[in-house]
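Visitor: Note that the protein sequences, when read in sequence, are chains A and B.
Residues 1 to 224, numbered by my numbering, are exactly what the first sequence covers, in order.
Residues 1 to 338, numbered by my numbering, are exactly what the second sequence covers, in order.
Don't read these hints as lab results, they were simulated from the structure.
Just so you know, even glycine gets a beta-carbon here, dropped at the ideal spot from N, CA and C.
Please note: incorrect hints may appear among the correct ones.
Below, simulated DSBU-like cross-link-like pairs (lysine-lysine); rule was C-alpha separation at most 30 Å, straight line [stated by the list, open to error]:
{"hint": "1", "chain 1": "B", "residue 1": "Lys234", "chain 2": "A", "residue 2": "Lys150"}
{"hint": "2", "chain 1": "B", "residue 1": "Lys116", "chain 2": "B", "residue 2": "Lys97"}
{"hint": "3", "chain 1": "B", "residue 1": "Lys116", "chain 2": "B", "residue 2": "Lys156"}
{"hint": "4", "chain 1": "B", "residue 1": "Lys234", "chain 2": "B", "residue 2": "Lys220"}
{"hint": "5", "chain 1": "B", "residue 1": "Lys279", "chain 2": "B", "residue 2": "Lys220"}
{"hint": "6", "chain 1": "B", "residue 1": "Lys156", "chain 2": "A", "residue 2": "Lys150"}
{"hint": "7", "chain 1": "B", "residue 1": "Lys110", "chain 2": "A", "residue 2": "Lys150"}
Estimated spans, in silico, between C-beta atoms of each pair [unchecked claim]:
{"hint": "8", "chain 1": "B", "residue 1": "Asp212", "chain 2": "A", "residue 2": "Ala57", "range": "30 to 38 Å"}
{"hint": "9", "chain 1": "A", "residue 1": "Phe88", "chain 2": "B", "residue 2": "Ser109", "range": "31 to 39 Å"}
{"hint": "10", "chain 1": "B", "residue 1": "Asp61", "chain 2": "A", "residue 2": "Gly138", "range": "25 to 33 Å"}
{"hint": "11", "chain 1": "B", "residue 1": "Gly177", "chain 2": "A", "residue 2": "Gly138", "range": "46 to 54 Å"}
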Amino acid sequence: MNDPMWFDNPAITQQMLPAAIETLLMTAWSTGLAVLFGLPLGIWLFTASRGGLNSNAVVYRVLSIIVDITRSIPFIILIIALIPFARFVVGSALGWQATVVSLTIGAIPFYARLVENSLREVSEGKVEAALMMGASNGQVVRQVYVPEAKPGLIGAATVTSVTLVSYTAMAGAVGGGGLGALAISYGYQRYQADTMIACIIVLVLIVTLIQFIGDRIARAVDHR
Amino acid sequence: MIELRGLRKVFGGTVALEQIDLSVPAGEIHGIVGRSGAGKSTLIRCLTGLERPTSGTVAIDGVDLTDQSGSGLREARRSIGMVFQHVNLLDSRTALKNVAHPLQIAGVSKAERLAKARELLEIVGLGDRVDNYPAQLSGGQKQRVGIARALAAEPKVLLCDEPTSALDSSTTDQILGLIRSLRDRLGITVLIITHEMSVIREICDSVTLLADGRVAKTGKLAEVISEPGSDLAKDLVPLPPISLDDRAPAEDTEAVDGAAGNRTNHLVEVALAGTTLPKVLTSAQSVGVGAEAILAGAVETIEGRQVGRIRFTLATAAESKELITALKAAGIYAEEAA
Numbered sequence: 001m002n003d004p005m006w007f008d009n010p011a012i013t014q015q016m017l018p019a020a021i022e023t024l025l026m027t028a029w030s031t032g033l034a035v036l037f038g039l040p041l042g043i044w045l046f047t048a049s050r051g052g053l054n055s056n057a058v059v060y061r062v063l064s065i066i067v068d069i070t071r072s073i074p075f076i077i078l079i080i081a082l083i084p085f086a087r088f089v090v091g092s093a094l095g096w097q098a099t100v101v102s103l104t105i106g107a108i109p110f111y112a113r114l115v116e117n118s119l120r121e122v123s124e125g126k127v128e129a130a131l132m133m134g135a136s137n138g139q140v141v142r143q144v145y146v147p148e149a150k151p152g153l154i155g156a157a158t159v160t161s162v163t164l165v166s167y168t169a170m171a172g173a174v175g176g177g178g179l180g181a182l183a184i185s186y187g188y189q190r191y192q193a194d195t196m197i198a199c200i201i202v203l204v205l206i207v208t209l210i211q212f213i214g215d216r217i218a219r220a221v222d223h224r
Numbered sequence: 001m002i003e004l005r006g007l008r009k010v011f012g013g014t015v016a017l018e019q020i021d022l023s024v025p026a027g028e029i030h031g032i033v034g035r036s037g038a039g040k041s042t043l044i045r046c047l048t049g050l051e052r053p054t055s056g057t058v059a060i061d062g063v064d065l066t067d068q069s070g071s072g073l074r075e076a077r078r079s080i081g082m083v084f085q086h087v088n089l090l091d092s093r094t095a096l097k098n099v100a101h102p103l104q105i106a107g108v109s110k111a112e113r114l115a116k117a118r119e120l121l122e123i124v125g126l127g128d129r130v131d132n133y134p135a136q137l138s139g140g141q142k143q144r145v146g147i148a149r150a151l152a153a154e155p156k157v158l159l160c161d162e163p164t165s166a167l168d169s170s171t172t173d174q175i176l177g178l179i180r181s182l183r184d185r186l187g188i189t190v191l192i193i194t195h196e197m198s199v200i201r202e203i204c205d206s207v208t209l210l211a212d213g214r215v216a217k218t219g220k221l222a223e224v225i226s227e228p229g230s231d232l233a234k235d236l237v238p239l240p241p242i243s244l245d246d247r248a249p250a251e252d253t254e255a256v257d258g259a260a261g262n263r264t265n266h267l268v269e270v271a272l273a274g275t276t277l278p279k280v281l282t283s284a285q286s287v288g289v290g291a292e293a294i295l296a297g298a299v300e301t302i303e304g305r306q307v308g309r310i311r312f313t314l315a316t317a318a319e320s321k322e323l324i325t326a327l328k329a330a331g332i333y334a335e336e337a338a
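If we strip away everything but chain A, and leave its shape as in the complex, we get (with noise of 0.2 Å):
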């Protein structure tokens, strides 16, 4: 066992770089999928929920045990239960790419919960207040509902955002790509330390600086 470790090591000087950008597309990429598809989700949950503006038990319902269900299968079991769907979408059921469908598919579900708790947020007399100017309820989501919380939408996608990368690292397992990958191939099957280490290391950067984004972003917009 006579590996070149840290800097001299292959895995960590010539990998890291690729995996880390490939973990960082993917976490990129299946979050700004996961708000575009989400936010609507989120909203149309609301709006159906008891006392929304839309109001419809049934719709509720339906749309409730569906995003419960998604969000309670784990997540290395949805990764590979989506393999045929993500080959059909991106034509392989291997690498970052194909990642990025589970990822998306996983994330939906998660995002549009936390958006119907942002909206839940924003005042009731507010909402009156644009219905008495004579708001349509298309208004009172664009123009009330949506800027009102987008503090809150915006921290809850920087939440969505931290999760995706740790479902990166799993999905590492089943042949994903990024820093997930190259944790699981060489620090643990090939019993490269310190190749899992500067894993963590980075893995831990890259958390660090989506909150940190996230939360500047969230204050930039929080007028009150």
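Once you've looked at the hints, dock chain B against the given chain A.
Guide: Quick look at chain B alone, frame taken from chain A:
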């Protein structure tokens, strides 16, 4: 301008409003008072179409709100400007954009609505605060923005729901002054819902008292306030609090001197209505009761008339009867007070 006819609202088995008839002519400031639970909130929700009355009609400028729904109701609501107790400004918008919001909803172009909003903020005295967010404004300033916003769509009616209940007294005076000057300037009809009698006294032309979901009293402020013996009048011009020591003698005094026990228990309350303070004093003096017998009094001049109440304290029941008879003979309302 505002016409309520036979308004009735039942929630489940409880009657919240019963047989409300109310008519407010254009340009008038009308106050609705009542204790909590009297039906004020339900009334305002019916007025704005947020709640549908069980029966009866609500008409604003001849348009019946009760048979509107959907876009018709949204259209009708634009003829009402609403001022809220908690203002309800959007925290994500500057003062200017908050004021422009009703116009944005109505589809007015950006340049036009911002120009109008700027003009309104100027009118409410916040011309230098257009780019401030609500969090950067004081309570009184927020309410000014709220009033400017209520006026943006040029409504015919301004509906104020407890507009000053969250403000301190000097800010309250400023906001009430602003509402009055807007009425004078724009000729807008104002309906103020409040539990504060001082608000009614200060700016209302007419007043309605709600009690248990019914109209307990309604009329011009000057008439209601000077109506002798009315509870609303007593609430509108309250006597200063009388300390217990002055009202009734301490127990031990009574034990020492039985006669003294009744000494200050004979109170006579006089309504200053259709009369003046000197006249009351002259009548009192004719039966030997001087100004030193006045225990408490509240006098205000409303619309050029002196209104209020005076409470005399007398030694014996005979004296108090004599005083009441003398006052009544002079055409002054007087009664024995507890």
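Visitor: Hints first: check each against the structure and report whether it holds.
Guide: Each hint, compared with the structure:
1. Of the pairs offered as hints, the one joining lysine 234 of chain B and lysine 150 of chain A is violated, with about 50 Å between alpha carbons and a cut-off of 30 Å exceeded.
2. Of the supplied pair hints, the one linking lysine 116 of chain B and lysine 97 of chain B holds, its CA atoms being roughly 11 Å apart against a limit of 30 Å.
3. This hinted pair checks out: lysine 116 of chain B and lysine 156 of chain B have alpha carbons roughly 17 Å apart, not beyond 30 Å.
4. For the proposed pair lysine 234 of chain B and lysine 220 of chain B, the alpha carbon gap of about 16 Å is at most 30 Å, so the pair holds.
5. As the CA atoms of lysine 279 of chain B and lysine 220 of chain B are separated by approximately 25 Å, the hinted pair is consistent with the 30 Å bound.
6. The straight-line distance between the Cα atoms of lysine 156 of chain B and lysine 150 of chain A is roughly 34 Å, outside the 30 Å bound, and the hint therefore fails.
7. At most 30 Å may separate the alpha-carbon atoms for a hinted pair to count; lysine 110 of chain B and lysine 150 of chain A meet this at roughly 22 Å.
8. Between aspartate 212 of chain B and alanine 57 of chain A, the C-beta spacing of about 35 Å keeps the proposed range 30 to 38 Å intact.
9. Judged by the Cβ atoms, the range 31 to 39 Å given for phenylalanine 88 of chain A and serine 109 of chain B is violated: they are separated by roughly 47 Å.
10. Evaluation of the 25 to 33 Å hint for aspartate 61 of chain B and glycine 138 of chain A yields a pass: the beta carbon distance comes to about 27 Å.
11. Between glycine 177 of chain B and glycine 138 of chain A the Cβ separation comes to about 39 Å, which falls outside the hinted range of 46 to 54 Å.
Violated hints for the displayed structure, listed by number in ascending order: 1, 6, 9, 11.
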